[in-house]
Amino acid sequence: MVESRAVRIALRVVSVFVMTFLYLPLVILAIYAFNPSRLLVWPPTGFTLGWFAEAANNPAISVAVVNSLIVGALATVLALILGTLAAIAVHRYSFFGRQTISFFLVLPIALPGVVTGIALRTSFVTFGIDFGLFTIVVGHATFCVVIVYNNVVARLRRLPRSPEEASADLGADMWTTFRRITFPGLGTALLSGGLLAFALSFDEIIVTNFTAGAGTQTIPMWILAAIQRPTELPVVNVVALVLVTFSIIPVYLAQRISGGAAAGVSR
Amino acid sequence: MSTPTDARAGPGTRPGIARRLAIWLHPRQGLQLRLLLAGPLGWLAIAYLGALAILLLNAFWEKDAFTGRVEPFAWTLNAFRDLFGHEVYRTVAVRTLIMAVLVTLTDALLAFPIAYYMARIATPRVRAMLVIAVLMPLWAAYLVKVYAWRTILQGNGFMEWALSPFGVESPGLDEIANSWLVLSYLWLPYMILPIYAGLERIPNSLLEASADLGAKAGATFRRVILPLVFPAFVAGSIFTFSLTLGDYITPDLVSDAKFIGNVIYDNSSLGNLPLAAAYSLLPIGIMTVYLLIARRLGAFDSL
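Top line first, the protein sequences correspond to chains A and B.
Note that the first sequence covers residues 1 to 267 in my numbering.
Note that the second sequence covers residues 268 to 570 in my numbering.
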């Protein structure tokens with residue numbers, strides 16, 4: 001079927017409209033970050049970098065950034081290990097309950113984040129576990145594992161088995177085959193899965209709110225608290241812009257690295 | 268046990284422990300599998316399924332009226348009595364469900380044209396760019412996007428500036444319609460990508476066959492394209508529906524309406540864990556039914 005000219009033009013117009021809709025809020029936010037006015041009034045009144053300096057000198061922000069980096073790194077490492085192990089097991093072995101396992105592995109992203117959050121919170125309270133960075137990491141790892149798992153399973157499906165078999169035939173043991181054949185084959189899938197997991201962790205708030213104690217703040221938590229304080233809004237704009245940049249860049253890189261294979265929406 | 272590896276170790280090279288372990292493990296497939304699965308399954312069992320089980324239990328446990336502590340294994344139906352006894356919990360549930368349906372339909376309507384454009388009209392170069400452009404906001408900066416909408420919607424914001432020439436006022440930050448707009452915005456990429464993938468999978472030959480058999484463009488669209496892309500709609504709707512069902516930050520930041528997530532979060536912060544736990548069984552139940560239906564409709568193949 002060849003779409004008529006009118007249909008094609010209409011589709012193009014709607015597409016431009018939808019893309020504008022998707023990016024306009026982020027553009028507006030970026031512009032506000034350079035606006036000298038203390039008030040969020042459109043249009044902006046000028047240009048300044050002053051709020052960036054103010055944000056950089058705010059100790060609460062620095063602490064929150066460090067917390068977010070630590071949590072992101074730990075959750076990503078945990079996800080890389082557990083997600084890869086699960087992916088290899090599900091893909092390379094056939095066993096009873098395989099379908100069930102892959103279903104349960106994706107459950108943390110199919111159920112709303114608020115469910116993960118309240119489930120973990122009740123468990124921590126029930127077992128008397130103190131809230132802190134550790135509990136935040138646990139919360140983030142639940143969905144980060146899924147991301148890595150999806151990426152690695154997708155790659156394993158496309159990797160041919162023959163090089164591994166050849167390696168075994170030539171006398172390499174399991175570790176050698178894994179180190180020199182399987183792992184390099186998974187390399188970019190792990191990298192893009194890790195980047196996505198980090199990006200997700202870095203700006204996560206729905207689950208984090210439940211699993212962070214009163215004393216620990218991540219960068220999204222700082223933003224959420226600061227939104228309620230009108231005097232801090234210019235600094236919030238700056239931090240928000242930095243956060244969006246640091247979570248969009250890993251996503252972009254992950255996309256480029258995996259050549260679009262990470263396109264799975266499964267979050 | 269004799270494997271080729273033994274023969275190749277060569278004279279004078281003693282195989283290391285790792286290598287000997289590998290050789291020992293080689294024929295033991297079951298053990299390999301158990302070792303691989305121990306970590307991930309242990310994790311899943313403790314950190315996720317275990318937590319869900321504790322959540323379920325908490326819904327039936329007594330909360331001490333004075334200390335506010337939950338008494339493990341002190342069974343009661345108080346939380347459920349509270350939930351069923353107050354009209355507000357039903358109102359909130361219905362409101363959230365309607366919103367989830369509205370957002371899903373809105374996203375389906377907005378997503379289809381651009382997905383169609385990406386899959387069937389755009390050049391490969393433009394298509395690749397659009398896929399990345401849709402993916403980036405999908406993964407990134409949920410909170411920042413909600414905050415950006417707050418700055419747009421509030422008085423003296425971008426929307427007032429853009430609409431005041433037409434005599435329309437700023438909607439402010441109270442309207443529930445704001446939540447509809449912002450949630451539709453947030454989850455739109457989750458709908459675009461499955462539909463795009465679904466459309467891309469339809470072979471051209473089917474559409475040509477339809478045209479050869481005399482179907483006009485409209486008929487081909489209704490009777491070939493739509494049925495084939497329907498599972499992709501359902502796949503996308505899992506996300507738009509589930510994410511709306513559980514959100515508690517957006518409704519709070521851009522409107523003054525309470526959703527299911529707000530009741531859960533507020534009660535959890537106030538220390539009423541049994542009530543929060545009992546209420547969270549609602550989204551769990553709804554999503555379980557939703558996922559079962561979605562699987563029936565073939566949506567899982569389109570994920």
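Careful, some of the hints might be misleading.
[Said to hold, decoys possible] Which residues of chain B face chain A? A few of them, derived with a C-beta cut under 7 Å, are: (1) 315; (2) 414; (3) 424.
No lab work stands behind these hints, which were simulated from the structure alone.
The beta-carbon is built from N, C-alpha and C at its ideal position, and this holds for glycine as well.
Against the structure, the hints:
1. Checking residue 315(B) against chain A: minimum C-beta separation of about 5 Å stays under 7 Å; hint holds.
2. A least Cβ separation of about 6 Å between residue 414(B) and chain A falls short of the 7 Å threshold, and the interface hint therefore holds.
3. Below 7 Å, beta-carbon pairs count as interface contacts, and residue 424(B) has one with chain A at about 6 Å; its hint therefore holds.
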